[in-house]
Amino acid sequence: MSVLEVEGAQLYYETRGDGPPMLLIPGANGDAGVFEPLADRLSAHYRVATYDRRGFSRSRLAGPQDYSRRLSTDATDARRLIEHVAGGGEATVFGTSSGAVVALRLLLEHADVIDTAVLFEPAAMCLHPQGRQWIEFFAYVYDVYRRAGTDPALKLFRERTFPAVDHAVMQRSRNPNSPHAVANAVYWFERELREYTSAQVNTEALRPWADRIVPAVGRECRGYPNHEVSRRLGRLLDRDVAEMPGGHVGFVTHCDAFADALLTRLQQETSARHGTR
246 MSVLEVEGAQ LYYETRGDGP PMLLIPGANG DAGVFEPLAD RLSAHYRVAT
296 YDRRGFSRSR LAGPQDYSRR LSTDATDARR LIEHVAGGGE ATVFGTSSGA
346 VVALRLLLEH ADVIDTAVLF EPAAMCLHPQ GRQWIEFFAY VYDVYRRAGT
396 DPALKLFRER TFPAVDHAVM QRSRNPNSPH AVANAVYWFE RELREYTSAQ
446 VNTEALRPWA DRIVPAVGRE CRGYPNHEVS RRLGRLLDRD VAEMPGGHVG
496 FVTHCDAFAD ALLTRLQQET SARHGTR
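Residue numbers (our numbering): 246 to 522.
Hints in this document: simulated from the structure, not taken from any laboratory.
Virtual Cβ for every residue (Gly too), placed ideally from N, Cα, C.
For each label pair, taking beta carbons as the anchor points, the in silico distance ranges come out as: (1) 516 to 306: 38 to 48 Å; (2) 335 to 450: 11 to 21 Å; (3) 483 to 394: 41 to 51 Å; (4) 288 to 313: 29 to 39 Å; (5) 354 to 393: 29 to 39 Å; (6) 306 to 505: 31 to 41 Å.
Sequences and hints are given; from them, build the entire structure.
Written out as structure tokens, the structure is:
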């Protein structure tokens, strides 16, 4: 167990492997455990860091939090981890869903620590052609949570937002017997569901870093909101979108094939920007 002390929190993190540093940023459940199989697979090529985002699972809050700046704080936490693991250098970043929203903010505020950022289906509805409707839907999901509790709200969220191939894995991650699952769900509803899905993304400010950005989608997610966000981000930045096996959690359901596709695209990016190493 390793803990990095940052302002207002203690960040639990794990590292695997040797090689260039890579940071994996988890999505809605905020827990490093979702990446265990993928991190194991990638660790043959990278020094992979995974972590619980602040307030989730083993990353404890320390003192008052400025929730008006939560997304920027999440991005600063990621920067601190990269600095710690990379020794002051750059890292490849893979963020999924809410974690990809964090990665977008990291690009906007701390691009100097990023070599390549893979943005896998960001939950940034401002980039969706019908973004306002989805933001209103997520506000409704929050209302369901407040009236009926986490389970009905999560079921509604899961069934409307992601393909069926993802549902079983998502249900398992909410296991009520887990020591952190219930608390993580409540924290996400209260601090992220509405805030991160409605976060603004200045794509013009991203343009100087476009060659470092890889928008990515799950092949099974066509027609679902996060998939469309990645597609539009690719169009706005003139970047090819990486198609990955499986759905929104393909890195769990199709781990080996997902890892192979990710490694191939990262090698292509390295060759294009730096020449073959």
